[in-house]
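**Q** Residues per chain, in single letters:
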Amino acid sequence: MHESVTYIETSIGASTCTYRRWRNFLNTSMEGFLWICGAIGLLLPLSIFGYICFEGVNHLSISFITEYPKGTPLGTSGGIMPAILGSFFLALIGFILSFPFALFGGIYLSEYGRETKFAHVVRFFVECLTAVPAIIYGLFGYAFLVVFLKFGVSLIAGSITLSLIMFPIMLISIQEALLSIKDEYREAAFALGVSKIYIIRRVLIPRAWPSIVAGIVLAVGHAIGSASPVLFTASIYFSKGNVSLDQPVMTLPTHLYYIVSEAISMDHGYGTAIVLILGLLIFNLCAMFLRKVGSLKQ
Amino acid sequence: MMIIYNNMTFVIRSLSIAYKGRVVLTDVNLNVPAKQITAVIGPSGCGKSTLLRALNRTLELVPGAEVKSGEVYFQGKNIYDKDTDVQIVRKRIGMVMQKPIAFPLSIKENVLFGVKFHKNFNGKSKGEIVETSLKTVGLFDEVKDRLNDKAYALSLGQLQRLCIARALANNPEALLMDEPCSALDPISTGKIEELILQLKDRLPIFIVTHNIAQAKRISDYCLFLSDGRVLQQCNTLEIFENPLDEKVRDFITGRIG
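Chains A and B, in that order, are what the protein sequence lines are. For the first sequence, the numbering used here begins at 1 and goes up steadily by one. For the second sequence, the numbering used here begins at 299 and goes up steadily by one.
Be aware that a few hints might be false.
Claimed, not checked - EDC-like cross-link-like pairs, simulated, lysine to aspartate or glutamate; straight-line CA separation at most 20 Å:
| # | chain 1 | residue 1 | chain 2 | residue 2 |
| --- | --- | --- | --- | --- |
| 1 | A | 196 | B | 383 |
| 2 | A | 292 | B | 447 |
| 3 | A | 70 | A | 187 |
| 4 | B | 414 | A | 115 |
| 5 | B | 514 | B | 483 |
| 6 | B | 406 | B | 383 |
| 7 | A | 182 | B | 358 |
| 8 | A | 292 | B | 407 |
| 9 | B | 318 | B | 364 |
| 10 | B | 375 | B | 471 |
| 11 | A | 117 | A | 127 |
| 12 | A | 196 | A | 115 |
| 13 | A | 196 | B | 407 |
| 14 | A | 196 | B | 358 |
| 15 | B | 448 | A | 184 |
| 16 | A | 182 | A | 127 |
| 17 | B | 397 | A | 187 |
| 18 | B | 397 | A | 115 |
| 19 | B | 333 | B | 518 |
| 20 | B | 397 | B | 383 |
| 21 | B | 318 | A | 127 |
| 22 | B | 318 | A | 183 |
| 23 | B | 406 | B | 426 |
| 24 | B | 397 | A | 127 |
Please keep in mind that the hints were generated in silico from the structure rather than gathered at the bench.
Let the hints inform the model, and build the full structure from the sequences given.
**A** Right, here's the structure in full:
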């Protein structure tokens, strides 16, 4: 009896030892594998950005940012100032056109029309809209705005097209941001006898602000970087940097597209890409700052 | 209908409430004089919070909940009359929720939240209102150097006192409290109970509580609910000395929770 008990204990002890080693090995290798997968998330953007920097950094200079394209063929020397301006104004006007609608639409869907059939239908179509490829927007912008409404290839046609791309992304993120606020906040505020508008303005928007800014960043970043929506609606091969609503503009992504696809200057291409990425980076940093300011705001 | 009980703050007449068609509160009758602490006790899901919410019309914020019949007179006026301004009802009958909620604003702006909406300054400056409200709940000395900081940083007990200050800043004529201590530690609970007893001289208080000992410590009058019905309502001492129903006895002796 006593012996058998000892025997069992040893046998358990022995098997535990081998098992533990095997288990430790599995744990460590699994963790390592997961680490590698996670590191890809860091490595990928860094290596793309690093490669582009490596190729194009010699080309960056003050004049590259402040001058308009020169040389024969055009784009082999000079700078990309008109493209920076064009992209900036396209995104800015597009944002101004779409943000109020996205904000008020999101507020309606979350605070007034919640659980109504209307809200569900709207949400379904808006989700479909986010999945539509950017080139389709470009085609629509061209057919409807440029040709049918006779806007011509112009800053305003491109801005409206970009606002159409930004709208569903912002609407959904604003709706989600508001929906994620617990009802306790609304109840606590209503119990003080205040109005719904007052609650939205003083409790819900400030509370949702970080997520709203995140949605804006996603939408605007997406819009600045895509060439296809502005290709037929707003962009031109060369401009001297004058910005006017009824005139076409140069943009960073389409400039990149032209000079690379026509093999004009790879150096200029890399330079343009760096400027585009840096622009997005600065934009993201501004947004991070805004997010903080917004959540500290009283 | 005219109301006869002029010395009563609340007069509840055969109040019945349904939730999505199912009756959850049946035939509640109650007269509440000024300066009385009324405790609503009973097992979970018996309709305590529902009753409380019906008293300042926050019940209708819950989708599906509705008052089926009955009246709630507050200072002689039925708050369910068609011509009643809901916002004014909620301003006059303050409420403190179970879980303290800090709005994403500074401590000062949290206190002034309702006041600013109702423009209810009574000739006082914002600073004075903040100071008196916070002093009443005993929070002023703890936070006076950081009135402009976010309210999130406060402890749960402090937050609950801030919520009470926020309700009091509105200058209410009655206060409803829905398990105000259930999320708090014993020390914070003690502070809030002390505060409730202090406030008794100013306005009638309704408190929903799970805690029998708490009801015994602070209330003057008890209402025992079970399955949406009032099983006993009488002075607090009486309910403990002479529970009429077996369920009431089991509950107050701690045999069922």
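**Q** For every hint, state whether the structure bears it out.
**A** Outcome of the hint check:
no.: 1; hint: A:196 x B:383; verdict: 14 Å, holds
no.: 2; hint: A:292 x B:447; verdict: 14 Å, holds
no.: 3; hint: A:70 x A:187; verdict: 63 Å, violated
no.: 4; hint: B:414 x A:115; verdict: 31 Å, violated
no.: 5; hint: B:514 x B:483; verdict: 19 Å, holds
no.: 6; hint: B:406 x B:383; verdict: 27 Å, violated
no.: 7; hint: A:182 x B:358; verdict: 17 Å, holds
no.: 8; hint: A:292 x B:407; verdict: 19 Å, holds
no.: 9; hint: B:318 x B:364; verdict: 8 Å, holds
no.: 10; hint: B:375 x B:471; verdict: 14 Å, holds
no.: 11; hint: A:117 x A:127; verdict: 15 Å, holds
no.: 12; hint: A:196 x A:115; verdict: 17 Å, holds
no.: 13; hint: A:196 x B:407; verdict: 18 Å, holds
no.: 14; hint: A:196 x B:358; verdict: 14 Å, holds
no.: 15; hint: B:448 x A:184; verdict: 18 Å, holds
no.: 16; hint: A:182 x A:127; verdict: 23 Å, violated
no.: 17; hint: B:397 x A:187; verdict: 11 Å, holds
no.: 18; hint: B:397 x A:115; verdict: 25 Å, violated
no.: 19; hint: B:333 x B:518; verdict: 10 Å, holds
no.: 20; hint: B:397 x B:383; verdict: 27 Å, violated
no.: 21; hint: B:318 x A:127; verdict: 32 Å, violated
no.: 22; hint: B:318 x A:183; verdict: 19 Å, holds
no.: 23; hint: B:406 x B:426; verdict: 11 Å, holds
no.: 24; hint: B:397 x A:127; verdict: 35 Å, violated
Consistency with the previously given hints fails for numbers 3, 4, 6, 16, 18, 20, 21, 24, ordered from lowest to highest.
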